[in-house]
Amino acid sequence: MITLSGIHKTFEGNPVLRGVDLTVGRGESMVIIGGSGSGKSVLIKCILGLLTPDAGQITIDGAAMTPKTQAGFLDRFGMLFQGGALFDSLPVWQNVAFRLLRGPQKAQAREIAVAKLAQVGLTADIADRYPSELSGGMQKRVGLARAIAADPEVIFFDEPTTGLDPIMAGVINDLIRNVVTELGVTAITITHDMTSVDTIADKVAMLHDGKIRWTGTKSAMGTADDPYLTQFISGTTDRPIKARW
Amino acid sequence: MLGALAALGRFAIFTGQTISHLVRPPFYGGAFGQALIQIGYFSLPVVGLTAFFTGGALALQIYSGGARFSAEAVVPQIVAIGMVRELGPVLVGLMIAARVTSSIAAEIATMKVTEQIDALVTLSTHPMKYLTLPRVLAATLMMPLLVAVGDTIGIFGGYLVSTQRLGFNAASYMQNTVDFLEVLDITSSLAKGAVFGFSAAIVGCYYGMTSDRGAMGVGRATKGAVVAASVLILAANFFLTEAFFST
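Chains as they are written, first to last, in numbering that gives the first Met the number 0: chain C, 0 to 244; chain R, 0 to 246.
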């Protein structure tokens, strides 16, 4: 279980997170929604330890995330970055097997990488290609294969469908859902794509103005009477949320 | 002034952290091997060409300058001392700043912009161990070799011009060169190479790791790194020369 209590983060006097409280249960797929610039990426980077919160505490299975415990937690995490963040200098299979190549499974790394590529619908013939030779959708899939390569307990997905056409976005959403269900992992996804929410989420949290504005099950979203949430779902430009120019 | 001091402090901390990883495993042998090839082997053509033409030009200059006070005969000695003590290490250092520092800064800055550095962290890999230490170590080890190559080719450039254009006897030119050079000349040259290599790589890594976001950030990091590395090499050269040769 991942618990966030009173997370604050400010950049150069600009408060981005103003006391985020959130709990994600084991094996649960939590999708955090919110407008552009609402601090979703900052929140996920705080959980991963890429950013240090100014205040508040993050615990994983009851143990606090600190610089000392971060390495141990990261071994249990997988992450799909918004732009893929594949290493340009390495071929696809070495990207997927990056962690395995530096651990006890080194000898089987390529074999596992090819199996993980197959799991995300990619054939073995792309294993020796470089990321720059792949389309955006294929890069996302390779990123997903890398995220699941070491069989993590928790996977983070940062805007998994950004920059993809609707069909490829649907493919990625389905892949994520399948991976989460088949592997039984805990998943935290940040997105503003409501199609992703429909496919991926067990529970949804809405981040607005640096705080969790609403949280509940996906089915409860439709009947929620929070005006911020209903405006976000419907995509209207009426208040209360002001469009950011 | 305060900002400059703070930046200097950040750079000092970065340098200290990099050095501290030397004694803290894990070590990435593959990344180190790649850096050796990239920094050492692939720099050979530019180092060779720079040194060859500089040695040749130096011979011509000393010959024509020396003629003003009937000292044309000192060409072999001055080419040797000039190349080994000063021009070899400095020019190779500046070439490495242009070729290696810029490449390191641009590559790491791009990795930062595209979240590849964050990805390394999430894959339980320390960016300083995987990116910084191998490059800095490789540059520090390869630069003395590059300087040795540069010194030799520079002297050869001078030899070729002197024997083919200026009428020097080949055997006595080489004999004069060998007789005139002292062990300190060579060791100071190699030591300068090591210091310049370390400076060029650490500056490139620092600017890359601390670059701003976006294409402009990458450009600024690359430009800043080359300028800072060049100035650092020239300043270090002065202090090292002072340390080795001041009487």
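Bear in mind the hints are in silico, worked out from the structure with no lab data behind them. Check before you lean on any hint, since a few could be wrong.
[As the list claims (entries may be wrong)] Within a straight-line C-alpha distance of at most 20 Å, the following computed SDA-like cross-link-like pairs (lysine to any residue) qualify:
no.	chain 1	residue 1	chain 2	residue 2
1	C	Lys67	R	Thr109
2	C	Lys67	R	Leu119
3	R	Lys128	C	Gly24
4	C	Lys67	R	His20
5	R	Lys128	C	Arg101
6	C	Lys202	C	Lys67
7	C	Lys217	C	Gly24
8	C	Lys67	R	His125
9	R	Lys128	C	Gly34
10	C	Lys105	R	His20
11	C	Lys105	R	Ser123
Now for the hints, and whether the structure bears them out:
| no. | hint | result |
| --- | --- | --- |
| 1 | C:Lys67 / R:Thr109 | violated, 28 Å |
| 2 | C:Lys67 / R:Leu119 | holds, 17 Å |
| 3 | R:Lys128 / C:Gly24 | violated, 34 Å |
| 4 | C:Lys67 / R:His20 | holds, 16 Å |
| 5 | R:Lys128 / C:Arg101 | holds, 13 Å |
| 6 | C:Lys202 / C:Lys67 | violated, 30 Å |
| 7 | C:Lys217 / C:Gly24 | holds, 15 Å |
| 8 | C:Lys67 / R:His125 | holds, 14 Å |
| 9 | R:Lys128 / C:Gly34 | violated, 36 Å |
| 10 | C:Lys105 / R:His20 | violated, 23 Å |
| 11 | C:Lys105 / R:Ser123 | holds, 15 Å |
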